[in-house]
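Asks: Once you have looked at the hints, place chain B on chain A.
So the protein sequences, as listed, match chains A and B. If you count the first sequence from 1, position 223 lands on 275 in my numbering, and the numbers rise without skipping. If you count the second sequence from 1, position 296 lands on 348 in my numbering, and the numbers rise without skipping.
Don't take each hint at face value.
One copy or two, either will do: identical chains are not told apart, so a pair holds if it fits within one copy or between any two.
Unchecked claim - Okay, derived cross-link-like pairs now, BS3-like style, lysine-lysine, Cα gap no bigger than 30 Å in a straight line:
id	residue 1	residue 2
1	Lys-351	Lys-70
2	Lys-241	Lys-166
3	Lys-351	Lys-67
4	Lys-67	Lys-287
5	Lys-166	Lys-70
6	Lys-166	Lys-67
7	Lys-338	Lys-166
8	Lys-165	Lys-341
9	Lys-165	Lys-70
Since the hints were made in silico from the structure, they are not lab data. If you're wondering where the values come from, they're calculated on a predicted model, not measured in any experiment.
There are 2 protein chains.
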Amino acid sequence: MALSLQDLGEQGLLKLLKPFCSDRVGDDGAVMGSLPMGYELVVTTDILIDGVHFSPQTTSPEDAGWRAAAANLSDLAAMGASPWGVTLALGLPRDTELDWILGVYRGFTACLKKYGTELVGGDTVRSPIKTIAVTAFGQVPSDQIIYRHTAQVGDLIVITGEHGLSKAGLEILLHPDLAQDLSIPAIAKLHLAHQRPTPRLDALPLPYRVSGMDSSDGLGDAIAQICDASGVSAKLDLGKTVIAEEIQSVANRAGVQAIDWVMYGGEDFELVLCLEPNHAHQFLNKLPKSRVIGEIIPKNPDRNFNMARTFQHFCPN
Amino acid sequence: MALSLQDLGEQGLLKLLKPFCSDRVGDDGAVMGSLPMGYELVVTTDILIDGVHFSPQTTSPEDAGWRAAAANLSDLAAMGASPWGVTLALGLPRDTELDWILGVYRGFTACLKKYGTELVGGDTVRSPIKTIAVTAFGQVPSDQIIYRHTAQVGDLIVITGEHGLSKAGLEILLHPDLAQDLSIPAIAKLHLAHQRPTPRLDALPLPYRVSGMDSSDGLGDAIAQICDASGVSAKLDLGKTVIAEEIQSVANRAGVQAIDWVMYGGEDFELVLCLEPNHAHQFLNKLPKSRVIGEIIPKNPDRNFNMARTFQHFCPN
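Chain A extracted, bound-state conformation:
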């Protein structure tokens, strides 16, 4: 029989988890050291619930851990900040299998390690439902903070990568028959997009005026939020190639509009950035899969953005 939490007790669990933690763990709090001159602290937090944000059907414990870490590192990237440390608090039913707990820690710390940071604090408590609470903090040079409210008319809107992949990945995990027209590599690409998202820390540093956020709640939501905060509107020209082939195939089988997944699927964890045209072009050269999808225009009181040419005008609200 698989070992579960109740076989181990709190002290046993702490011993088991210690190897995943930074040496900073062991006192009432973790001492992180000083901030470099001219840098500021950025903090972000998320809480994820079994059956709401992850499920055994679509996410292994390793994936659940990875995604929890990646979502918070993405929030740091969206602020222009490099990760400095992350905390992880778990609520666990008594009968939670140790393999699940270790899997979450493995996936979580694998993601942290990939992005050069570490687990510096935590808490594990009894709960009727598996719960993952994460707080990440990072460092950003004072003059490179990325806010939502600083977009200006004439800025180009740049995305760092494809959208809709995570949603399509989730759909084929839930309904494998939707993937029947896809090649094995295409299926793997969609699965990975959902299970192992990539925080776009590689887009940093951005040493010029930039407004933006991540697309964790959907590309459409990100553009609407930036427009709201900046008092502007956006004109989008996505072009046909914004819909990846794999997404089109799955959406066709599912009988839905692929563009809805691209715009509103969410959890792609790309960055949506507004940059002066010359900076935008510098950025495109730096990050190969990034692309321009529109521009910032004066505020249109009726709608946050409209999509030209390829798609019908519409208002996301």
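Replies: The following block gives chain B in isolation, referenced to the frame of chain A:
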């Protein structure tokens, strides 16, 4: 009928909670500014679950919020750190009454305000069980960090206040008949100790070598942890007055040893500090209710500490 979460939706909830949050909230992360020269960042996190860490029987939503904040501020105090900011993530069942949510935020932010800090980030998600996840971060001068591993033989062991009050408070909340010998002020004192604990930030700064932690997991546990980490043992001489009159009365009625509540009741959120004798006496003058309860002695391989004179020798492990 009372309004609940499902009447409001996520956007409505965010609007409702905005007044509780710092102006820093609104982007993917909160920008906290720089650390003063010579200061370091300290981070601590906790997760609390309905029915495990709080319950309607003993803690109002305001109390649950206050205690969640106080526990984390106490961890900062235990590291010698002043609070800089706190995040709050809630998991909420759909039928959670708005009054409960607002109560938690009121209690939480009241505690933060009292100690000069603020709510800088959060997350609210759907969950089958009410869940409160808190992360606090603070600032400490590099030469005033309080660790557990730096106690030295000859140090006096100082506590900042009474122990066992929170446990006695919990017991009379659960079993009101245990309070029948107590005056109204005594009952109020015990209730408050449990429902509105006080992080001992007033003990700071401690500008001399000091080892210590808070007594959130019990006075006995704190002493054992410090001894373990420092490779020393402790000789305790608690004296008869360490048991507050109110605790003795409740313990008598409950038919238990009051000293067990003092040593192992937990959640008193006092500080347990090891100081050179001259510094200990300076500290006692500064903080009126603090007292010496023993001293650090060379490591006794058989036990972490023993209690002299008033109580039997015993080993907490």
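Asks: Indicate, hint by hint, whether the structure satisfies it.
Replies: Hint check results:
no. : hint                : result
1   : Lys-351 <-> Lys-70  : between (53 Å within a copy, 25 Å between copies)
2   : Lys-241 <-> Lys-166 : within (19 Å within a copy, 51 Å between copies)
3   : Lys-351 <-> Lys-67  : between (56 Å within a copy, 23 Å between copies)
4   : Lys-67 <-> Lys-287  : between (55 Å within a copy, 28 Å between copies)
5   : Lys-166 <-> Lys-70  : within (19 Å within a copy, 35 Å between copies)
6   : Lys-166 <-> Lys-67  : within (24 Å within a copy, 36 Å between copies)
7   : Lys-338 <-> Lys-166 : within (20 Å within a copy, 48 Å between copies)
8   : Lys-165 <-> Lys-341 : within (24 Å within a copy, 46 Å between copies)
9   : Lys-165 <-> Lys-70  : within (16 Å within a copy, 34 Å between copies)
Hint check: no violations occur; every hint is consistent with the structure.
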